[in-house]
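Peer 1: For reference, the chains in residue letters:
Protein chains: 2
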Amino acid sequence: MTALLEAFNQTTYPVTGHSKYTVQILLEAFRDMDGSVESDVYGNGKLIEDFQRKMADFLGKESAVFFPSGTMAQQIALRIWSDELGNKKVAYHPLCHLEIHEKDGLKELHHLEPILLADKERLITLDDVVNMKENIFCLLLELPQREIGGQLPSFAELEAIASHCRERGIKLHLDGARLFEILPYYGKSAAEVCALFDSVYVSFYKGIGGIAGAILAGGEAFTEQSKIWKRRHGGDLISLYPYIVSSDYYFEQRVGKMGHYHESAVELAKLYNECAGLKTNPEFPVSNMFHVHAAIPKDKLEPIFLALYKETGIGLTRYINVVNDSLSAYEVSLGDRFDKIPKAQLKEAFDLLKQKLQAIVAE
Amino acid sequence: MTALLEAFNQTTYPVTGHSKYTVQILLEAFRDMDGSVESDVYGNGKLIEDFQRKMADFLGKESAVFFPSGTMAQQIALRIWSDELGNKKVAYHPLCHLEIHEKDGLKELHHLEPILLADKERLITLDDVVNMKENIFCLLLELPQREIGGQLPSFAELEAIASHCRERGIKLHLDGARLFEILPYYGKSAAEVCALFDSVYVSFYKGIGGIAGAILAGGEAFTEQSKIWKRRHGGDLISLYPYIVSSDYYFEQRVGKMGHYHESAVELAKLYNECAGLKTNPEFPVSNMFHVHAAIPKDKLEPIFLALYKETGIGLTRYINVVNDSLSAYEVSLGDRFDKIPKAQLKEAFDLLKQKLQAIVAE
Chain Z
166 MTALLEAFNQ
176 TTYPVTGHSK
186 YTVQILLEAF
196 RDMDGSVESD
206 VYGNGKLIED
216 FQRKMADFLG
226 KESAVFFPSG
236 TMAQQIALRI
246 WSDELGNKKV
256 AYHPLCHLEI
266 HEKDGLKELH
276 HLEPILLADK
286 ERLITLDDVV
296 NMKENIFCLL
306 LELPQREIGG
316 QLPSFAELEA
326 IASHCRERGI
336 KLHLDGARLF
346 EILPYYGKSA
356 AEVCALFDSV
366 YVSFYKGIGG
376 IAGAILAGGE
386 AFTEQSKIWK
396 RRHGGDLISL
406 YPYIVSSDYY
416 FEQRVGKMGH
426 YHESAVELAK
436 LYNECAGLKT
446 NPEFPVSNMF
456 HVHAAIPKDK
466 LEPIFLALYK
476 ETGIGLTRYI
486 NVVNDSLSAY
496 EVSLGDRFDK
506 IPKAQLKEAF
516 DLLKQKLQAI
526 VAE
Chain V
166 MTALLEAFNQ
176 TTYPVTGHSK
186 YTVQILLEAF
196 RDMDGSVESD
206 VYGNGKLIED
216 FQRKMADFLG
226 KESAVFFPSG
236 TMAQQIALRI
246 WSDELGNKKV
256 AYHPLCHLEI
266 HEKDGLKELH
276 HLEPILLADK
286 ERLITLDDVV
296 NMKENIFCLL
306 LELPQREIGG
316 QLPSFAELEA
326 IASHCRERGI
336 KLHLDGARLF
346 EILPYYGKSA
356 AEVCALFDSV
366 YVSFYKGIGG
376 IAGAILAGGE
386 AFTEQSKIWK
396 RRHGGDLISL
406 YPYIVSSDYY
416 FEQRVGKMGH
426 YHESAVELAK
436 LYNECAGLKT
446 NPEFPVSNMF
456 HVHAAIPKDK
466 LEPIFLALYK
476 ETGIGLTRYI
486 NVVNDSLSAY
496 EVSLGDRFDK
506 IPKAQLKEAF
516 DLLKQKLQAI
526 VAE
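Chains as they are written, first to last, in our numbering: chain Z, 166 to 528; chain V, 166 to 528.
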């Protein structure tokens, strides 16, 4: 465990997330659970079928399938569309989860060929899609684009991209790992956003704060095929109920709080942007998340944070990434913890941070 | 739900398994769990690392990795050995799990080419392996061979097969879904059996009775590669602790009872083999399991069982499979429930079954 994480864990008021990542998350979800409830069995049974139906309805799709992970769900979605259209080229952002976090599973297991659209610093635009020379079977859009701080296209641009894909017979897949988190900003229901997409993945352990698990939704023919691939991937477990029960429990608790988490992110980003040497990306968050970019190297920023946590009891981040010799960065996602921090104490902590940073930036 | 399953569930003394397959299995495993225990995080952390170390030691292997499923673990094991030896041919039994229960994941995801050894009715023998013409990278042996009632080669034959493979540079992989269950019959430790194999998979929801989950064990270089493939398959979940905690809990409870479960199976098989028209495969079980073969079609056997369950309160099986117009069959696995049945009542139920069957067989 790093010194910063240890210090963060010891603060009275950790700022990010919902809670510590402990077994308590499971214990709470199962506290009032009746032991006689029957397990799902290899994808069948009331427990899994009810949750799948509920999520299909919420997302406005014909059908939905519960998966242990989004990694599995999304590779499978792309493979199904690839096989259907007889084409191996899929377009996505250069910082797409499938490109940077999955050890090339999409290529190694499914032999698909990604076309990287846009560049690493910005969102995919309608122009990128229209001007693409390659003949692709699918465009994958991640809303919000996590690796650039959780940015979003305008809903109008999204609609234009969707129209273009529909006209060209290109499938549109939504990486909705943080879909619930952006609905308040768009002012749309999940179904209104998902209507633009042929297939949709959502996650239950980001803003929802469950243990793990994902839903893949789309038309019935699509989801039926996804069950076969789920078996092939080794994801059709005899029992997925530990993840399903906790996903449902925290979905009920938190899906209505996403607007509040968004407001928290806007409030906190403003405090960050008043600090010399720090800025958030995006400047005005559109979900519960943003990135903090520091024009200060990690080895100078870390001691400041260590001291700040100790002096104020407020923990801003559990880690800092090195960007290069002079820049560092980290991600912030807000949840239930933010409300527990007395506002005056948070303000004082940022005032102290400003002083400490000014001393460094002035050096 | 079928009528037979419903009747089985209503009996006072269901014969097979440990308990109903309900959420209670999780609640019991977590009852005394401290909520402050930290989750595993993407394969790291004390909770997962301790269990992996414990299982590596139990199996006598250098290293072990926890997987959500055996389907995932075994495909990955074969892929690693295939890549290492630059050969795509793997030999296994025609009723191997990978051949009949995984929707061809091994072929569709990994493009490996199975060579089916032996025939469906019997075990793979040393002769089968020695006389094989194909050049294979790996032989997969399932101990016991589940789909033929849980049969086992002699330990001497197993050793001879292992020597032959070692001499030829063929990797030997153990499908040990029911490895714990056969150790009393062999009179060997898990490590003594596993020493014959390059890689080993074991399961935690068969005789152990956990929720789900598997361990893949072998040398460190092998298990390190398996972690990369686990990520690719979508099995490297942020948290696997619901399965790890329950696997460990029921492993501790039941690994020492496997000899007793074996004795139960021998006792029950004897009762079955005294019934006209029924016989067990194998005649003398070598683990907690066997198959019952009936020279009676399902549509005649089912009403007999329905009546028997009602009259005696003893449930023999939850399902019957059609073999053909005159034969039917089902699998029996024994666990904690068998001990709860008063012996006299069990004997009476079988006496009644004999009478009912004689009436049918005499027709």
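No lab work stands behind these hints: they were computed from the structure. Hints may contain errors.
A few chain V residues facing chain Z, derived, Cβ under 10 angstroms [as the list claims (entries may be wrong)]: (1) GLU193; (2) ILE241; (3) ILE403.
Derived coverage of chain Z by chain V (criterion: at least 3 residues anywhere in the stretch with Cβ under 8 angstroms from a Cβ of chain V; other residues may be distant) [as the list claims (entries may be wrong)]: (4) 198–206; (5) 264–271; (6) 407–416.
Each residue gets a CB set at the ideal place from its N, CA and C atoms; glycine is no exception.
Peer 1: Look at each hint and say if it fits the structure.
Peer 2: How the hints compare with the structure:
{"no.": "1", "hint": "GLU193", "verdict": "holds (8 angstroms)"}
{"no.": "2", "hint": "ILE241", "verdict": "holds (8 angstroms)"}
{"no.": "3", "hint": "ILE403", "verdict": "holds (5 angstroms)"}
{"no.": "4", "hint": "198–206", "verdict": "holds (count 8)"}
{"no.": "5", "hint": "264–271", "verdict": "holds (count 4)"}
{"no.": "6", "hint": "407–416", "verdict": "holds (count 3)"}
In the structure shown, no violation is registered for any of the earlier numbered hints.
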